[in-house]
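So the sequence lines, in the order shown, correspond to chains A and B. Going by my numbering, 122 is the number at position 122 of the first sequence; the sequence numbering is gapless. Whatever position you read off the second sequence (first residue = 1), add 1000 for my numbering.
Rather than coming from a laboratory, the hints here were simulated on the basis of the structure. All residues carry an ideal CB built from backbone N, CA and C; glycine is no exception. There's no promise every hint is true.
Claimed, not checked - So the derived list for chain A, only partly shown, Cβ under 7 Å to chain B, looks like this:
no.	residue
1	I175
2	V245
3	T380
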Amino acid sequence: MGFSLIGTVLAIMAVLGFLIGNQRARGLARAGRLHSLPRYHGVFVALWTALPGLLMIILFAVFSTGMINSMVMENGQGGAGDPHMLAVELNKIQLIAEGRMPFQEGMGVSWDSVERMKNLHRNADILALFCVIAVGVVGFLYALRRIRTDFRARQEVERIVRVLLVVASSVSIFITLGIVLSLIFEALRFFAVVPVSDFIFGLQWSPQTAIRADQVGGSGSFGAIPLFAGTLMITGISILVAAPVGLFCAIYLSEFASPNVRGWVKPALEILAGIPTVVYGLFAALIVAPAISDFGGQIGLDIASESALAAGLVMGIMIIPFVSSLSDDVINAVPQAIRDGSLAMGATEAETIRQVVLPAALPGIVGALLLAISRAVGETMIVVMAAGLAANLTANPLQAMTTVTVQIVTLLVGDQEFDSPKTLAAFALGLTLFFVTLILNIVALGVVKRYHEKQ
Amino acid sequence: MNHKNETPEQRKYLAKRHAASRRFRWYGLMGLGIALTTLFLLLGTMLLKGYSSFFQTQIQLSVSFDQTLVDPVGDKSVESLARGDYRAILGNAIKRAFPEIKSRDDRRQLSKIFSDGASFQLQNLLISHPEWVSTSQNVWLIASDNVDMWVKEVVDHDLPESQRRISDLQAKWLAFLEVNHQLQLRFNAMFFTSGDSRNPEMAGILGAIKGSALTLLITFLVSFPLGVASAVYLEEFAAKGRWADFIEVNINNLAAVPSIVFGLLGLALYLNLMHLPRSAPLVGGLTLAMMTLPTLVIATRASLKSVPDPIRDGARALGASPLQVVLHHVLPLAAPGMLTGTIISMARALGETAPLLMIGMVAFIMDIPGGVMDPSTVLPVQIFLWADSPERAFLEKTSGATLILLAFLITMNALAVYIRNRVERRW
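Modelling step: build the complete structure from the supplied sequences, incorporating the hints.
Structure below.
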């Protein structure tokens, strides 16, 4: 059944609420002068009918599955064994109950628990429908009772809408909170197994842990230095490409180009910015990496087919439009009077730009570059497709290197083991990534903001 | 501007400075040149490598649909036709086309030039044309991916036989068929009408397109109302103060958080906490909605900001309440700008890959998703999956899918630019 039916019921109830409220107000209008227009009374009733139900639906969506799962595990399997096995079993039961996996004997899951889960889900759906209708009716009756000629329905509606607006605007804060909490929570569980110092200062990254306890050499080491080095190398190469090219693009566009050229080139750069990263990744893996490798072979250099250089170059291309559009804005914001003054003193155009415009725009440009670095550090698809998986700690850009984002993807894609350090390590890496980019962003946005205030 | 009292040194110095200025200008032009060249290189290679995926090699055979083989029940019903032995039908047709080939080995080689899907193709054809039972028809059948690569000359024909997947004998037959106009590159309808497959010649992108559409629908339904509501609050209602500043800083930072982090949040929140199904468009859409929300808020705020204050003052002066000012005057005027921002952020969500890898949208899924709870994949992830496949023929599919994705994105962006230039009002 799911939420589509409940949603439809709720919508119908809201519409009915509006019609009835509207009608009631119109009826009252014949007796005396209404304070608010009848439609505000209708909206007031509709809001009171729909909002409690909507809250109910959200509560059910968040909590019902988790509660059902714990109930199934309590009664069905007897809770034997470690939590890891429980999670695997639960997953199987869920898949079978949803009809996404055929049931077979000997999968370690009893048909009883599948049946139980199905029943519980059915009951939960019926309960949800019932609750939604019940709170809807209560809200409806309450709202209907309040309709009178002197009832200030418009003010009430506006108050409710305002509350809704506040709630909507705080969603972004909840997202940030969610990111921070989930990353920290999972990362803490990881650091309970692997010490923080091993993670931050360790030189060895090989996350393959033993599947069986008695396996040899399966301890797994989680030293993230090689990943940080790889990220730094690839980001560095990309900035070396993007900073000069992007900056010169911005200078040419804002200082030299005719409006006609601007009109054509800016959309082209926007297209470059709009190309999905997976396409850049394909470009890197398909064209750039083999080309570099071949070229290296011709001049006698040994270049890995998944070299950091190829990934860095393509990532540089990706952030060119980012650097150029931000710098373009910044350079355009430099007052024309400064330029005119410099030109009037006899400086050439290049001298004006180099010695007057660029210094004035420097903070903004630095901010733009920091944002570009943050972008490059967090970029995933290009490096997943074009950089290697092997964690080499090397200073040679011609060798394969891996990055933080690549490792997050490889740790989490494919068969996941619940709660293994391997899975949790991804969250620790994510936490590092989040804080590094956050610091870069805060600094960059601060610099840009201060720059704009100064102009 | 030659002055009489200019010394030669001064003139030389001046010339040097002007040359430096010209050089500087050239650097700028070179920067632009590099950016635009890479753009053309990128689009060009995708086009060159990808357009051939819209065509596929097909071979014409005269197939006789023996009633005993294809219609065991004899009533030409779908159930009966679905139980027919189409492998045998195909085998007979091949035998008839090449009667001179007798040895078992050669026969096997011969049947290998057809796709594994050819018998399914025959079945589907017959189900849509039940009147063909007991007749002979000339039918175009899909060739195998190796033949396709051979005919498109992706593989070098001059390689020694041991290093290619098409033997000399098979090459001879293919040449024979081509001379008889029984082998052609025809429009690859399957690419647009089927889901993923292990066989490159049968793989299509409809499943991925539908998955993308469902995911984007969820993203839009969640992020658009929330985004507009938060922008309206921040821009029109919130008192300038600590709280509003805090939300603003928060949104700006959130917009710059790497997309993969949103994938981690989606994994922890929707899969581990709420136990929603893996690889469902619902989860993908919700994850992308969190990612799109900040950009959408920023874009909407910019368009609200561009509505001049006298409009608000006028409405207020006529007695409109704060909410009426926004709903009746500001929002309608800001709508085109909001639309542009929404289209651009939806385009970004459409091209996003990394967060969806985290929530399991990378599984191999053949079925075309019917709803937001069905397991599915999306276009960019499909590109990533195919790019990883060892088969040569998937390379072409990868570029083909990329072309489709870029076509969608460029259309969306062009629409946004059109709205910005034509509909949006400048104040």
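Here is how each hint holds up against the structure:
For I175 (chain A), the shortest C-beta to C-beta distance to chain B is roughly 5 Å, which falls under 7 Å, so the interface hint holds. For V245 (chain A), the suggested interface contact is upheld, since its CB lies about 5 Å from the closest CB of chain B, less than 7 Å. Among the interface hints, the one on T380 (chain A) holds; its C-beta lies about 4 Å from the nearest C-beta in chain B, closer than the 7 Å criterion.
The structure meets every hint from the earlier list without exception.
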